[in-house]
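Participant: Straight run, no breaks: the sequence shown in UniProt numbering ends on number 443.
These are computed hints drawn from the structure, not numbers from a lab. Glycine included, C-beta positions come from ideal geometry on N, C-alpha and C. Each hint should be verified, as a subset may be incorrect.
Listed next, with one range per pair, are the computed distances between beta-carbon atoms [as the list claims (entries may be wrong)]:
(1) H192 - L418: 46 to 56 angstroms
(2) N318 - P69: 36 to 46 angstroms
(3) S373 - I182: 33 to 43 angstroms
(4) L278 - E410: 35 to 45 angstroms
(5) H272 - R41: 50 to 60 angstroms
(6) A277 - E340: 40 to 50 angstroms
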Amino acid sequence: MKRYRNGEIWDFEHDVNMVAAAHCNGGKNDSKFLNYGVNGRKVILGIDGGTTSTVCICIPLIPFTQPLPDPLPVLARSVAGCSNHNSVGVAWTGSEPHWDDHVCIISGDNMPCNEAICWISDLLHKLPRSMPSFVAATIARETLEQVMADALARSASTRSAVEAVCLSVSGVNHPTDQHRIINWLREIFPSHVRLFVQNDAVAALASGTMGKLHGCVLIAGTVAFKYMVNLVKALFHMKEGPVFIGYGIAAQALTAVIRAHDGRGPETTLTHSILDALNLSSPDELIGWTYSDPSWARIAALVPVVVSCADAGDPVANNILHDTVHELASSVRAVVERLELCGEDGKDPFPLVMVGGVLEANRRWDIGNEVISCISGDFPGVLPIRPKVEPAVGAALLAWNFLMRQRHQEALEDNHHLYSNKRHYTKRSVQTSVPHLVLTYVV
1 MKRYRNGEIW DFEHDVNMVA AAHCNGGKND SKFLNYGVNG RKVILGIDGG TTSTVCICIP
61 LIPFTQPLPD PLPVLARSVA GCSNHNSVGV AWTGSEPHWD DHVCIISGDN MPCNEAICWI
121 SDLLHKLPRS MPSFVAATIA RETLEQVMAD ALARSASTRS AVEAVCLSVS GVNHPTDQHR
181 IINWLREIFP SHVRLFVQND AVAALASGTM GKLHGCVLIA GTVAFKYMVN LVKALFHMKE
241 GPVFIGYGIA AQALTAVIRA HDGRGPETTL THSILDALNL SSPDELIGWT YSDPSWARIA
301 ALVPVVVSCA DAGDPVANNI LHDTVHELAS SVRAVVERLE LCGEDGKDPF PLVMVGGVLE
361 ANRRWDIGNE VISCISGDFP GVLPIRPKVE PAVGAALLAW NFLMRQRHQE ALEDNHHLYS
421 NKRHYTKRSV QTSVPHLVLT YVV
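All chains should be modelled from the sequences, with the hints used to inform the complete structure.
Facilitator: Here you go:
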């Protein structure tokens with residue numbers, strides 16, 4: 001174990017160990033306090049890293065012989081910025097370019113001035129093509145390291161107290177990504193810590209199944225991915241890329257407004273509602289508004305306006321939402337059949353975890369319930385689940401389940417090894433001086 005970067009991130013461990021030592025000297029006389037922190041307990045870390053924020057949850061190691069408590073005890077929760085190396089922004093905070101000291105994340109109100117953005121953009125164009133991706137990966141790593149350190153500090157624990165870490169992060173879609181991140185985590189944590197890396201959709205699934213990798217997760221937010229996981233942990237990513245659900249709904253609505261404005265489409269209440277929401281006076285201004293910042297989240301924020309218009313009975317808005325429902329349902333239908341989760345007769349039960357703002361109940365027009373109605377017609381065994389815990393807790397539960405399975409497998413292998421060794425023993429018979437008595441022993 002070694003510090004990857006910025007050693008001061010872990011300086012708090014010295015103070016934690018000092019307090020732990022005081023516990024021992026104060027009469028507790030238990031060396032585990034020196035190893036596991038102030039409370040002398042082992043912990044598990046679950047991290048959900050996305051394009052907008054990164055959340056780390058620290059939970060106690062629950063004995064495998066005990067059922068998981070409900071609610072799950074959470075020792076600490078920490079939040080940081082983006083940790084997706086494909087989405088993170090970079091900028092300089094100092095006057096001189098220095099890769100180690102002046103790199104920061106661009107997010108929220110911490111956006112630097114336009115001059116700084118232009119300066120870094122110009123500089124990045126002059127660097128080798130691989131350099132910007134290197135910087136983004138470095139920033140993502142620092143974000144992850146900081147959020148893990150903060151969670152451990154809040155729980156008065158150290159890295160030695162950690163038994164397992166599950167990092168579930170967006171942008172990790174290939175084994176090479178997983179191996180690279182695991183190698184980096186290995187530099188941070190002691191050798192005994194079990195490390196697991198998954199795509200963030202897996203944590204979303206686990207948040208609804210209490211850490212079990214069986215079922216289907218439908219994520220419908222700004223960007224939606226459909227994942228299907230079966231008992232042997234096969235993971236399929238349907239379609240060739242993301243389905244922009246929230247973005248798609250809003251984009252169709254904007255298109256409908258423009259079509260109505262130039263006479264190519266029917267009149268719709270979406271026109272007045274969207275212009276009012278954006279504080280614009282004419283549909284002609286929509287083009288400039290869209291091109292000024294075409295980010296997914298900004299456009300997807302119009303989804304509630306579309307739902308409100310559909311609630312009011314607008315036929316154009318209703319058609320947009322109906323098309324969305326059928327698209328989501330057909331995607332789920334395809335992956336359920338591909339993995340045969342419904343069984344040969346199509347009636348076997350399977351969990352469908354539903355995550356994302358688009359699927360949340362919203363007035364009369366409930367997209368999530370409409371999707372369930374479409375799916376249940378084909379698969380009566382579908383068990384819709386709306387998670388009660390956040391994905392970071394799902395990642396922690398994944399770590400607990402992975403750790404439990406690994407230790408169970410290791411125990412089986414140890415027993416098999418012991419049995420195999422015994423089979424190599426030879427039996428020898430020794431004739432004693434007593435007639436007709438044979439003693440047999442094993443050596």
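Participant: All the hints need checking, so say for each whether the structure fits it.
Facilitator: Evaluated hints:
For the hinted restraint 46 to 56 angstroms between H192 and L418, the CB-CB distance of approximately 23 angstroms leaves it violated. Roughly 44 angstroms separates the CB atoms of N318 and P69, a value that falls within the hinted 36 to 46 angstroms. Checked against the hint of 33 to 43 angstroms, the pair S373 and I182 passes, with Cβ atoms roughly 42 angstroms apart. Hint check: L278 to E410, Cβ distance near 58 angstroms, so the stated range 35 to 45 angstroms is violated.
Look at H272 against R41: about 58 angstroms separates their beta carbons, and that is inside 50 to 60 angstroms. Restraint check, A277 to E340: a C-beta distance of roughly 44 angstroms satisfies the suggested window 40 to 50 angstroms.
Comparing the model with each numbered hint stated earlier shows that hints 1, 4 do not hold.
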